[in-house]
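Construct the entire structure; sequences and hints are all you get.
The listed protein sequences derive, respectively, from chains A and B. Using the working numbering, read the first sequence as starting at 1376 and increasing by one per residue. Using the working numbering, read the second sequence as starting at 4 and increasing by one per residue.
These are calculated hints, taken from the structure and not from any lab test. A portion of the hints provided could be inaccurate.
Anything over 10 angstroms on all C-beta distances counts as not near chain A; from chain B, calculated [unchecked claim]:
hint : residue
1    : S36
2    : A105
3    : E173
4    : L304
5    : M308
6    : A311
7    : V318
Straight-line alpha carbon distances no greater than 27 angstroms define the calculated DSS-like cross-link-like pairs of lysine-lysine that follow [as the list claims (entries may be wrong)]:
hint : chain 1 : residue 1 : chain 2 : residue 2
8    : A       : K1500     : A       : K1482
9    : A       : K1504     : A       : K1537
10   : B       : K9        : A       : K1504
11   : A       : K1500     : B       : K13
12   : A       : K1514     : A       : K1480
13   : B       : K13       : A       : K1514
14   : B       : K13       : A       : K1504
15   : A       : K1385     : A       : K1584
16   : A       : K1537     : A       : K1603
17   : A       : K1504     : A       : K1480
18   : A       : K1500     : A       : K1480
19   : A       : K1584     : A       : K1603
DEER-style ranges, computed between Cβ atoms [stated by the list, open to error]:
hint : chain 1 : residue 1 : chain 2 : residue 2 : range
20   : A       : H1492     : B       : I100      : 53 to 59 angstroms
21   : A       : H1492     : B       : M4        : 50 to 56 angstroms
22   : B       : R209      : A       : H1492     : 20 to 26 angstroms
23   : A       : I1388     : B       : P325      : 24 to 30 angstroms
24   : B       : P306      : A       : K1429     : 53 to 59 angstroms
25   : B       : A263      : A       : H1492     : 56 to 62 angstroms
Glycine included, every Cβ here is placed at the ideal spot set by N, Cα and C.
Here is what each chain is made of, one letter per residue.
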Amino acid sequence: MSLLSLNNVKTNIDQYAVLHDVSFEVAEGGVFVLLGRNGAGKTTTLRSIMGLWKPSPGSIAFRGQDITGLHTADIARLGIAYVPENMGIFGTLTVDENLVLATAKGKIDSTRLKWVHGLFPALEKFRDKQAWSLSGGQKQMLSVARAIIEPRELILIDEPTKGLAPSIVEAMGEAFREIAENSTILLVEQNFNFARKLGRDMAVIDDGKVVHAGTMAEFAANQELQDKLLGLSM
Amino acid sequence: MEQVSKTFEKLGGVNLLPIILGAVAFVLIGAPSSWVTLTVAGLAMGMMVFLMASGLSLVFGLMDVLNFGHSAFVSFGAFIAATVLGGLSGWLASDSIALNAAALVAAYSAAILFGLVAGWFFETVIIRPVYRDHLRQILITMGAMIVAEQTILAFWGGTPYSVPRPHFLEGSWIIGDVSIEIYRGFAFLLGLAAFIGLYVLLNRTRIGLLIRAGVEDREMVESLGFRVDRMFIGVFMLGSALAALGGAMWAGYETLITPALGAEMMIIVFIVVIIGGLGSIEGTLLGALLVGLMSNYLGFLAPKMALASNMILMVAILLWRPNGLRPAVK
Ligand SMILES: Nc1ncnc2c1ncn2[C@@H]1O[C@H](COP(=O)(O)OP(=O)(O)O)[C@@H](O)[C@H]1O
Ligand SMILES: [Mg+2]
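Structural data, given as structure tokens:
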């Protein structure tokens, strides 16, 4: 049984059909990469999984349990974390407060915190700063840190490298590799060079439909397919 | 110019505004004893308006809900407290401070209780069906306000209703040639206590952390596993209770109230919330103090301007800071 499965998901935003037919399976462990051009429906797919948009028809199952109609908060409690495209940082709260908020009981496990600080040292240095004052890269780290401050089985991450300096992208990749040892990451990316090094399985979405699914190794080797599906935008 | 604005921020930024306003007024008014009287009146009014406005600000900040019916809680709070005080007039006239205080506590408790229950009802029955739909929110909450006003008219009549004050809050403290109405001092201190309580709740507790985060980004708080909608009803009830308490205190301040009180206060409350920055109680306090002081100073200096003063204040502040003085989101 796969960890997450989307079956013929159709999502409308207001009266516009944004996702027409999205189906794919995410196996447990490692990084699953969802690729696609700008406006293809990647963010909408992640928001549908989180219950922030409601698919109809179609269904989404997590560990075999249908989560389609659940409230976002209940979906999160099942063990799914979300790092949205805009990072969703609480700017007026401090870095530490952002992390505390992400725990179910309001207490951070100190071993876990040490691990997170090891991945993202800036978050330790600026722990008492209000989050709005962080740099773009640090905000992205905080958003990821919030998603892993307690163990979660599946972490949805939306375009984490957008606008970041190469050195930070590198560090982010390292962190993802380590996180994926104990969780599954569903990564949306435009930066193919970043994604190809991390991904094991992958799918391409275009105009609200899944147009390709397979292994990353296979896709990375097929230049023709990449040109056709991702075009010049990559 | 840049130097000036840097120094301004260092000294406390927008928090300085009430002090600057007070200083300017001191020069213009000339007579220190009048200035003290007006300042105390302004601070007392500011604190009561803060109570009325804080709930509205949080409700908008957290759920993006525009509640034009909020002032109904203020009017009902005022009339319920006035009725309880009228019924206990024997206690109020007594020389025993304990009996005086008991009557006041009974009146305020009745108003707060009403605010909690009516707030629960209002949120569940009227607001919940129109989440995320501003036009229908405006229509239905305005409708609710009209119903509330007519209900008050039916129960209490349209003639001014007089509000007895407890004996121990009558009169003034005289210090030299300065006289301070005791009731105003009391209203200021009670409002201050409520602000501190609210501040501690929002800044020192877990539920407060969740509320502040929810004001910034509700979807993200939900994505972290928290039911913001369930928190919201609590916030709504608290805001309604504070508004009712504000109304109850306002009734004793005015001593004569009419059913039009809600609509009058609504304009002031909206101005305060907009000036302060939606969703932030520090901003709401700042806005409320500015409005309270401005009304009292101008009422003395240029009585004809007093009505327009709040509008002028709002326009000036929005031109300078379009999101209000202390917006909750950065
Ligand atoms: N809130 C919205 N309202 C209307 N249309 C939207 C909204 N969000 C996204 N869309 C549309 O849905 C399509 C897919 O968007 P999105 O999922 O954000 O794409 P991607 O993340 O792949 O770039 C786009 O055409 C976009 O214009
Ligand atoms: Mg996107």
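Hint check:
no., hint, result
1, S36, "42 angstroms, holds"
2, A105, "39 angstroms, holds"
3, E173, "43 angstroms, holds"
4, L304, "37 angstroms, holds"
5, M308, "36 angstroms, holds"
6, A311, "34 angstroms, holds"
7, V318, "26 angstroms, holds"
8, A:K1500 / A:K1482, "20 angstroms, holds"
9, A:K1504 / A:K1537, "23 angstroms, holds"
10, B:K9 / A:K1504, "20 angstroms, holds"
11, A:K1500 / B:K13, "24 angstroms, holds"
12, A:K1514 / A:K1480, "23 angstroms, holds"
13, B:K13 / A:K1514, "26 angstroms, holds"
14, B:K13 / A:K1504, "18 angstroms, holds"
15, A:K1385 / A:K1584, "9 angstroms, holds"
16, A:K1537 / A:K1603, "23 angstroms, holds"
17, A:K1504 / A:K1480, "23 angstroms, holds"
18, A:K1500 / A:K1480, "24 angstroms, holds"
19, A:K1584 / A:K1603, "15 angstroms, holds"
20, A:H1492 / B:I100: 53 to 59 angstroms, "57 angstroms, holds"
21, A:H1492 / B:M4: 50 to 56 angstroms, "42 angstroms, violated"
22, B:R209 / A:H1492: 20 to 26 angstroms, "22 angstroms, holds"
23, A:I1388 / B:P325: 24 to 30 angstroms, "29 angstroms, holds"
24, B:P306 / A:K1429: 53 to 59 angstroms, "57 angstroms, holds"
25, B:A263 / A:H1492: 56 to 62 angstroms, "59 angstroms, holds"
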